[in-house]
Amino acid sequence: MAYKRSIGVHTYIFDTLADLLARATPLRSGDVLAGVAARSELERVAAQMVLADLPLREIIATDLIPAEIDEVTRLIGETHDAAAFRRIPATTVGDFRNWLLLDTTTGAILRDIARGITPEMAAAVSKIMRNQDLIAVAAKIRNVTAFRTTIGQAGRLAVRLQPNDPVDSPRGIAAQIVDGLCYGCGDAVIGINPAGDNPAQVAALLHMLDEIRRQYDIPTQSCVLTHVTTTIEAIERGVPVDLVFQSIGGSQAVNDSFGVNISLLREAHDAAGQLRRGTVGDNCMYFETGQGSALSADAHHGLDQQTIEVRAYGLARAFSPLLVNTVVGFIGPEYLYDGKQITRAGLEDHFCGKLLGLPMGVDVCYTNHAEADQDDMDNLLTLLGVAGCNFVMGVAGADDVMLNYQSTSFHDAMYLRSVLGLRPAPEFERWLIDMGLFNGDLRPMDGPRRAEKLLGMKSL
Amino acid sequence: MSVSDDELVQQDAWSQLRRHTAARIALGRCGNAAPTAALLDFRLGHAAARDAVHVPLDFEELQRAVQKLTALSVLQLHSDARDRAEYLRRPDLGAKPDQASAALLRRAATADACDLALVAADGLSAAALTQNLLPLLQILLPKIRRAGLRLAPFCLVAQGRVAIGDHVGAALNTRLTAVLIGERPGLSSHNSLGVYLTHNARPGVGNDKRNCISNIRPEGLSHEAAAEKLMYLIGESLRRGVSGVALKDTQSVDAGGRLRD
Numbered sequence: 001m002a003y004k005r006s007i008g009v010h011t012y013i014f015d016t017l018a019d020l021l022a023r024a025t026p027l028r029s030g031d032v033l034a035g036v037a038a039r040s041e042l043e044r045v046a047a048q049m050v051l052a053d054l055p056l057r058e059i060i061a062t063d064l065i066p067a068e069i070d071e072v073t074r075l076i077g078e079t080h081d082a083a084a085f086r087r088i089p090a091t092t093v094g095d096f097r098n099w100l101l102l103d104t105t106t107g108a109i110l111r112d113i114a115r116g117i118t119p120e121m122a123a124a125v126s127k128i129m130r131n132q133d134l135i136a137v138a139a140k141i142r143n144v145t146a147f148r149t150t151i152g153q154a155g156r157l158a159v160r161l162q163p164n165d166p167v168d169s170p171r172g173i174a175a176q177i178v179d180g181l182c183y184g185c186g187d188a189v190i191g192i193n194p195a196g197d198n199p200a201q202v203a204a205l206l207h208m209l210d211e212i213r214r215q216y217d218i219p220t221q222s223c224v225l226t227h228v229t230t231t232i233e234a235i236e237r238g239v240p241v242d243l244v245f246q247s248i249g250g251s252q253a254v255n256d257s258f259g260v261n262i263s264l265l266r267e268a269h270d271a272a273g274q275l276r277r278g279t280v281g282d283n284c285m286y287f288e289t290g291q292g293s294a295l296s297a298d299a300h301h302g303l304d305q306q307t308i309e310v311r312a313y314g315l316a317r318a319f320s321p322l323l324v325n326t327v328v329g330f331i332g333p334e335y336l337y338d339g340k341q342i343t344r345a346g347l348e349d350h351f352c353g354k355l356l357g358l359p360m361g362v363d364v365c366y367t368n369h370a371e372a373d374q375d376d377m378d379n380l381l382t383l384l385g386v387a388g389c390n391f392v393m394g395v396a397g398a399d400d401v402m403l404n405y406q407s408t409s410f411h412d413a414m415y416l417r418s419v420l421g422l423r424p425a426p427e428f429e430r431w432l433i434d435m436g437l438f439n440g441d442l443r444p445m446d447g448p449r450r451a452e453k454l455l456g457m458k459s460l
Numbered sequence: 001m002s003v004s005d006d007e008l009v010q011q012d013a014w015s016q017l018r019r020h021t022a023a024r025i026a027l028g029r030c031g032n033a034a035p036t037a038a039l040l041d042f043r044l045g046h047a048a049a050r051d052a053v054h055v056p057l058d059f060e061e062l063q064r065a066v067q068k069l070t071a072l073s074v075l076q077l078h079s080d081a082r083d084r085a086e087y088l089r090r091p092d093l094g095a096k097p098d099q100a101s102a103a104l105l106r107r108a109a110t111a112d113a114c115d116l117a118l119v120a121a122d123g124l125s126a127a128a129l130t131q132n133l134l135p136l137l138q139i140l141l142p143k144i145r146r147a148g149l150r151l152a153p154f155c156l157v158a159q160g161r162v163a164i165g166d167h168v169g170a171a172l173n174t175r176l177t178a179v180l181i182g183e184r185p186g187l188s189s190h191n192s193l194g195v196y197l198t199h200n201a202r203p204g205v206g207n208d209k210r211n212c213i214s215n216i217r218p219e220g221l222s223h224e225a226a227a228e229k230l231m232y233l234i235g236e237s238l239r240r241g242v243s244g245v246a247l248k249d250t251q252s253v254d255a256g257g258r259l260r261d
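Line by line, the protein sequences give chains A and B.
My numbering puts the first residue of the first sequence at 1, with every later residue one more than the last.
My numbering puts the first residue of the second sequence at 1, with every later residue one more than the last.
FYI, nobody ran anything at the bench for these hints, they're computed from the structure.
A few of these clues could be false.
[Claimed, not checked] Computed list of lysine to any residue pairs in SDA-like fashion (alpha-carbon distance at most 20 Å, straight line):
#: 1; chain 1: B; residue 1: K209; chain 2: A; residue 2: G259
#: 2; chain 1: A; residue 1: K458; chain 2: B; residue 2: R19
#: 3; chain 1: A; residue 1: K453; chain 2: B; residue 2: Q16
#: 4; chain 1: A; residue 1: K453; chain 2: B; residue 2: K68
#: 5; chain 1: A; residue 1: K453; chain 2: B; residue 2: I139
#: 6; chain 1: A; residue 1: K458; chain 2: B; residue 2: Q16
#: 7; chain 1: A; residue 1: K340; chain 2: B; residue 2: R50
#: 8; chain 1: A; residue 1: K340; chain 2: B; residue 2: E86
#: 9; chain 1: B; residue 1: K209; chain 2: A; residue 2: F258
#: 10; chain 1: B; residue 1: K209; chain 2: A; residue 2: K340
#: 11; chain 1: B; residue 1: K143; chain 2: B; residue 2: V55
#: 12; chain 1: B; residue 1: K96; chain 2: A; residue 2: G116
#: 13; chain 1: B; residue 1: K209; chain 2: A; residue 2: G196
#: 14; chain 1: B; residue 1: K209; chain 2: A; residue 2: D298
#: 15; chain 1: B; residue 1: K209; chain 2: A; residue 2: D256
#: 16; chain 1: A; residue 1: K458; chain 2: B; residue 2: S15
#: 17; chain 1: A; residue 1: K453; chain 2: B; residue 2: Q11
#: 18; chain 1: A; residue 1: K140; chain 2: A; residue 2: G421
#: 19; chain 1: B; residue 1: K96; chain 2: A; residue 2: K340
#: 20; chain 1: B; residue 1: K209; chain 2: A; residue 2: D197
#: 21; chain 1: A; residue 1: K453; chain 2: B; residue 2: R19
#: 22; chain 1: B; residue 1: K209; chain 2: A; residue 2: S257
#: 23; chain 1: A; residue 1: K458; chain 2: B; residue 2: R18
#: 24; chain 1: A; residue 1: K453; chain 2: B; residue 2: K96
#: 25; chain 1: B; residue 1: K68; chain 2: B; residue 2: L141
#: 26; chain 1: B; residue 1: K96; chain 2: A; residue 2: V32
#: 27; chain 1: A; residue 1: K458; chain 2: A; residue 2: E429
#: 28; chain 1: B; residue 1: K96; chain 2: A; residue 2: A34
#: 29; chain 1: B; residue 1: K96; chain 2: A; residue 2: G35
#: 30; chain 1: B; residue 1: K209; chain 2: A; residue 2: A297
#: 31; chain 1: B; residue 1: K96; chain 2: A; residue 2: D298
#: 32; chain 1: A; residue 1: K140; chain 2: A; residue 2: L101
#: 33; chain 1: B; residue 1: K229; chain 2: B; residue 2: G244
#: 34; chain 1: A; residue 1: K458; chain 2: B; residue 2: I139
#: 35; chain 1: A; residue 1: K340; chain 2: B; residue 2: E219
#: 36; chain 1: B; residue 1: K68; chain 2: B; residue 2: I139
#: 37; chain 1: A; residue 1: K453; chain 2: B; residue 2: S15
#: 38; chain 1: A; residue 1: K340; chain 2: B; residue 2: R89
#: 39; chain 1: B; residue 1: K229; chain 2: A; residue 2: V167
From just these sequences and the hints, can you work out the full model?
Okay, structure coming up:
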């Protein structure tokens, strides 16, 4: 069935729901590259007007990628909670936006109906929302998860400490961990992107992180961001694995390109869960996503990059993850061209993930060939803080010397916590004070002896 | 009344750890922020990286220099991406020659197969080519000649991506194609050159068929080491008739799982 809208003398026609969603999407280079973007500003708004009048039921009834060829579509269908959906007192996408913004639509209500919202519903409503709307609604929702720390409570912001090293040098990694801990970072996870996917090297890094954690009794979890099969192998060999990491996408084909599928993720989830290494909770998965990954794998099925991104969140929520991180500016300018597009995408991802019930974090980042700089990152970071983001990245000096991109720094995390009055995860906050790194007002303790204990780190 | 830097900047007491890493640790702080010197140092790195992406390369000058150094005929090619803005948005266009360049390649084709085509492209860093191409060729060319390899005309490509080498390989009928290309610049490595070697490079070949040598620059992998590595890969690839994953280097970690440090 085609969708139509006349504006003046011109009638805009959208052949399919996928086409309508794509044309309604705020401009980004990836959709232009895929040939699915609106061809004019008027066409974009015409699509948004059609979308606003579209019944939510029609979105639920339409498979954007056929179920026969796509297990993500099947999962989304099977896990949809029809009873929760019926509690949403809105029939169209436009009304859904209005309802989400009501004062009476509280975070508790949104959490209760989260399983009634499909990824495509979330994507659709986000396309007609302003940045302000995306922030206002996300700020109401707290999706709290836990392992050794509790992440996502109101008034708190956690940070992934990301001590990457170009050759996985233990000392290089340990030095960055000391730096990050002294700046109050590491409560979301201490997570290394390894330089190689070699199982022996991954195991060595996992042992090292576990040793550091135990040496100082740090209430946090560790992760080496390697392929899920490598992590399963490590678990089988008795290597201390806290979290299972995996990059995922919103179609079976993109997950194929990552070498994963639902059954493999389930196997990994069960293997890590059985270790029972969490102390205050049992969320043991760490997923990363990002707009553009499906198109770059030629696995987008004609969908716009934001819609297929939200489908990845539909997959993620089947595994009750501790952390979901959208790596928003890493992929490059052919998908998100500049600071404006990166900002919009970051807010959309965060909102849609939160709406679906996920513990969303954002890697606020850019590469040097994108039209973006530190000022754009400051803006997005601040907006996400206001929007109640669960966690952000902490990279020494914002410069990841292994992955060669710029993320947010340990300083940035302190800035955000300070200007918005946000505190670290409760267990980690106590540890920071007990270690003498921060005072009771959560300001860093000064003085030359501040890091003395940490300088005795065995890996140094 | 003025105060000194020492009074304004809260120094971090772990600056001795800097010797272990190139990461920006122990920067100190003013309130929550990085001190002015660290801020400007970061900005300088970003400026160099941005310039590497955007300042155009003087291809005519480079063509003359390559010709003089190699005594090869040098083809000056341009991709289908008209300018930087289009190049950045449309990777597909940077991966194929424009009409005039395709015609130039057809005219340069010979009936006999060549062993190797060298293709230099600006990629994402013009600085990588201006600073590394000639020094690398100076070391590489004698090795290639000693190995008795038959070289195709040298190709210089403006607004080029790695896969443009596949069109060169097809047009010039080469067994091996080595694309020397400016890599995505990092904050402290704006001038890194990468080399992608592909056996039987033809349009549509997968990335798993390429071997990559990365981070070639005076402060990274030296020109001498890069040339040696490339010659090794060239030799193995010609001998075994494959490239890419099938040629992959063996592990750099020993069986005990100890890390390189």
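Hint check:
1. B/K209 to A/G259: Judged against 20 Å, a Cα distance of about 18 Å means the pair holds.
2. A/K458 to B/R19: Within the cut-off at roughly 16 Å; holds.
3. A/K453 to B/Q16: Between A/K453 and B/Q16 the Cα gap is close to 14 Å, so the pair holds against 20 Å.
4. A/K453 to B/K68: Distance ~61 Å between A/K453 and B/K68 Cα, so the pair is violated.
5. A/K453 to B/I139: 50 Å, violated
6. A/K458 to B/Q16: 16 Å, holds
7. A/K340 to B/R50: OK: A/K340 and B/R50 at ~18 Å, within 20 Å.
8. A/K340 to B/E86: Given pair A/K340, B/E86 holds - Cα atoms ~18 Å apart, limit 20 Å.
9. B/K209 to A/F258: 18 Å, holds
10. B/K209 to A/K340: 36 Å, violated
11. B/K143 to B/V55: It is violated: about 32 Å lies between the C-alpha atoms, which goes past 20 Å.
12. B/K96 to A/G116: The given pair, whose Cα atoms are some 47 Å apart, is violated under the 20 Å limit.
13. B/K209 to A/G196: 19 Å, holds
14. B/K209 to A/D298: 18 Å, holds
15. B/K209 to A/D256: The hint holds at about 19 Å.
16. A/K458 to B/S15: 18 Å, holds
17. A/K453 to B/Q11: With a Cα-Cα distance of about 17 Å, the restraint between A/K453 and B/Q11 holds, given a limit of 20 Å.
18. A/K140 to A/G421: 17 Å, holds
19. B/K96 to A/K340: 30 Å, violated
20. B/K209 to A/D197: 19 Å, holds
21. A/K453 to B/R19: OK: A/K453 and B/R19 at ~19 Å, within 20 Å.
22. B/K209 to A/S257: 16 Å, holds
23. A/K458 to B/R18: 17 Å, holds
24. A/K453 to B/K96: At roughly 57 Å apart (the allowed maximum being 20 Å), B/K96 and A/K453 break the hint.
25. B/K68 to B/L141: 12 Å, holds
26. B/K96 to A/V32: Holds: B/K96 and A/V32 sit about 19 Å apart, inside 20 Å.
27. A/K458 to A/E429: 23 Å, violated
28. B/K96 to A/A34: With a Cα-Cα distance of about 18 Å, the restraint between B/K96 and A/A34 holds, given a limit of 20 Å.
29. B/K96 to A/G35: Status holds; Cα separation ~19 Å.
30. B/K209 to A/A297: This hinted pair holds, its Cα atoms lying about 16 Å apart.
31. B/K96 to A/D298: Within the cut-off at roughly 18 Å; holds.
32. A/K140 to A/L101: 10 Å, holds
33. B/K229 to B/G244: 14 Å, holds
34. A/K458 to B/I139: Outside the cut-off at roughly 43 Å; violated.
35. A/K340 to B/E219: 34 Å, violated
36. B/K68 to B/I139: With a Cα-Cα distance of about 15 Å, the restraint between B/K68 and B/I139 holds, given a limit of 20 Å.
37. A/K453 to B/S15: With Cα atoms ~15 Å apart, A/K453 and B/S15 stay inside 20 Å; holds.
38. A/K340 to B/R89: Holds. A/K340 to B/R89 sits at ~15 Å (cutoff 20 Å).
39. B/K229 to A/V167: 18 Å, holds
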